[in-house]
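Q: Residue numbers (the working numbering), protein chains in the order written: chain A, 1 to 286; chain B, 1 to 358.
It is worth saying that the hints were derived from the structure and are not from the lab.
In this text, a Cβ means the ideal position worked out from N, Cα and C, and glycines have one as well.
One or more of the hints may lead you astray.
[As the list claims (entries may be wrong)] Which chain B residues stay away from chain A? Per the calculated CB distances, all over 10 Å, these: (1) F43; (2) S49; (3) P176; (4) L265; (5) A307; (6) L319.
[To be verified] What follows is a set of in silico ranges between Cβ atoms, one per label pair, in the way DEER data are often shown: (7) A:Q258 <-> B:F43: 26 to 34 Å; (8) A:K87 <-> B:L53: 19 to 27 Å; (9) A:T266 <-> B:L120: 53 to 61 Å.
[What the hints assert, rightly or not] A few chain A residues that face chain B, going by a derived Cβ cut-off under 10 Å, partial list only: (10) M1; (11) L2; (12) T3; (13) L5; (14) L26; (15) H83; (16) Q92; (17) L217.
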Amino acid sequence: MLTILFDGIAYGMLLFVLAAGLAVTLGLMNFVNLAHGAFAMAGGYAALVLVNRLGLPFVVGLVGAFVFAAALGALLERTLYVHVYAKSHLDQVLFTIGLVFMAVATVDYTMGSSQQFIAIPPALQGQVTVLGVGMSKYRLMIIAVCGLITLLLQLGLTRTRFGSRLRAAVDDQRVARGLGINVGAVFGFTFAFGSGLAGLGGALGAEILGLDPIFPLKYMIYVLIVVTVGGTSSITGPFLAALLLGIADVAGKYYVPQLGAFVIYTIMIVVLILRPHGLFARGGAR
Amino acid sequence: MKTDATPPAAMSESAPILPAPLDTAIAAQLAARGRWSPFEILFWLGAVSTIWLLPDHHLILTEIVIWGLFALSLDLILGYAGIVSLGHAAFFGVGAYTAGLLARHALIGEPVVALLVAGLAGGAFGFLTSFLVLRGTDLTRLMVTLGVALLLREVANRMAWLTGGADGLQGITMQPVLGLFRFDLYGHTAYVYSLVVLFVLFLLARRIVGSPFGLSLLAIKGNPLRAGAIGIGAGPRIVAVYTLAAVYAAIAGALLTQTTAFTSLESLSFDRSADVLLVLIIGGTGHLYGGLIGAVVFRFAQDWLSAATPQYWQFWIGLILVVIVLVGRDRIGGWLAPLRRAGDRLVPWRGGRDGGRP
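From just these sequences and the hints, can you work out the full model?
A: Laid out in structure tokens, this is it:
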């Protein structure tokens, strides 16, 4: 029971790191980015190459995943995404689906279509027993890393100058622009950072979520659920939604495996019908 | 299709007292919208002529017809009501499985009747889920339609005893159409059958889109708030057109099952929803031919790309999508505008087409 809770929390934390960037993209620019999972995949494969092929330490792999995905995000944001911000949601959906298809085929071509595993250092393998509950070390590490990231994100968003600029831009783009905030630059940076986080999540999660070319399609829906259920107006909303989703998914798969993903999809549809702006949105004022 | 097909909630405007000249002007404009242009006639003559001109390609042509019908159904909700759906394959799958199960368990052997039943099943499902798309923004609609399709796929996957699960529904044998025309190996019967179904459904869609009901949909798409202010209630109309689109999609799915005697989970997959969106986008939304033209282009492109790069044709599909968006969909539609204008000029008076849209 506690093990399930523990696994669920680890899974949820991972989902949150994957989805955090998307929450900002959606909230800030009202941009529907279905290709967010592709950056996670890019990070995962970057770590795979660094660790498995080049034999570098695992930590370097994680950092590499972040840097690679962030760089890719920045590049694509500057060259392609900027042209699509002003277009309709339909165009954004088409554009990002197109990117997903391209990413899937590219990875399939370069890395092969089979599922890959990143070699984990021996120090992270095995289990530790805390208070009679067996926990895998790797999942503990995930919780620690993702918890730290969440904390830093929260602090960064509430305490720093950049964070207040970002929040201002999310709340009202035009007024923020009028106050001299360079919304485009803020957004570009946030996009790259969010992509980097997704990449880090992809690398961390390769062990749990699996890593294969259809990763962006498989987890697109999960990431979107986190954001739409959690709302885009804060970090805590998606965070709670991710935890909820992680625990519900793990518990659902354990207790009622025959229902499969029903639980998740049903919860999502019900939440969206009742609260179209998300479970934790502030009064749905947007 | 009568104009009073809309639910009674919106009836208040159906009997307005209009001055006689305005009344006749409106009638004339509606009639002009409904007039056939020479290009349309040519298009359908061309389609019919392929029955004799391209007898070796009937298998792929059947697929094109089915894609065309499927995209046409998406056009009804996307092009006319402005609802972005990422889960349109749900209805396609409902139709496909209904037709498959009916034939497999010999409940209804005759394909045309089975087609209608499949359409009704899809319509019922569409009616039930249409209430889910009434609320919320584009994003919530996207998520809800996507969620419904995924949910349905999961159901079909789990109920393997009924649907065959991941293996697909096998062992379907089709009876002759109307008890007269047997499905043959080369797909001749299948092609003529699908083409006739497409044409009949196209006529119906054309009539509906040209009716005051169709115009009111365009008004809702343009500006729901203003449409509401002039007495066009969005809710019942969206329910109606969503249901109709579901019927069309289900019939497309049923046709695929009937002509290939097989159906699988793929008919419910996300890829299919995305592909149909692509088909419609290639051809252009908001005019019924978009889906049909898109289907022709898409299927041949797919054929050619998968022959050139067998495993990776998805890459090119993705690239096409990205390029279409970056270039701009209206601009691509604009390339065809001279053609359309030429078509208008050939008909003496066609003020309705452009004049009808302020």
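Q: Next, verify each hint and record whether it holds.
A: Against the structure, the hints:
1. Once the 10 Å rule is applied to beta carbons, F43 of chain B is consistent with being away from chain A; the minimum gap is 25 Å.
2. With a closest Cβ-Cβ approach of about 33 Å to chain A, S49 of chain B is found to remain outside the 10 Å limit, as its non-interface label requires.
3. Consistency note on P176 of chain B: stated as away from chain A, and its beta-carbon is indeed over 10 Å from all of that chain's, at 39 Å minimum.
4. Annotated as non-interface, L265 of chain B keeps its C-beta farther than 10 Å from every C-beta of chain A; the closest such distance is 13 Å.
5. With a closest Cβ-Cβ approach of about 16 Å to chain A, A307 of chain B is found to remain outside the 10 Å limit, as its non-interface label requires.
6. Non-interface call for L319 of chain B relative to chain A: violated, since the shortest CB-CB distance, roughly 6 Å, does not exceed 10 Å.
7. The given range of 26 to 34 Å is broken by Q258 of chain A and F43 of chain B, whose C-beta atoms sit roughly 50 Å from each other.
8. With their beta carbons about 40 Å apart, K87 of chain A and L53 of chain B fall outside the hinted range of 19 to 27 Å.
9. For the hinted restraint 53 to 61 Å between T266 of chain A and L120 of chain B, the CB-CB distance of approximately 25 Å leaves it violated.
10. The restraint placing M1 of chain A at the interface with chain B is violated, with a minimum CB-CB distance near 26 Å, outside the 10 Å limit.
11. For the restraint placing L2 of chain A at the interface with chain B, the shortest Cβ-Cβ distance is roughly 28 Å, beyond the 10 Å limit, so the hint is violated.
12. Taking 10 Å as the C-beta cut-off, the interface hint given for T3 of chain A is violated, the closest approach to chain B being about 26 Å.
13. With 10 Å as the threshold, the beta carbon of L5 of chain A stays out of range of chain B, its nearest partner Cβ sitting at about 25 Å, so the hint is violated.
14. Look at L26 of chain A: its Cβ gets to within about 7 Å of chain B, closer than 10 Å, so that hint holds up.
15. For H83 of chain A, the shortest C-beta to C-beta distance to chain B is roughly 6 Å, which falls under 10 Å, so the interface hint holds.
16. Checking Q92 of chain A against chain B: minimum C-beta separation of about 8 Å stays under 10 Å; hint holds.
17. For L217 of chain A, the interface hint holds, since its Cβ comes within 10 Å of a Cβ in chain B; the closest pair sits about 7 Å apart.
In this structure, the earlier hints numbered 6, 7, 8, 9, 10, 11, 12 and 13 are contradicted, and the remaining ones agree with it.
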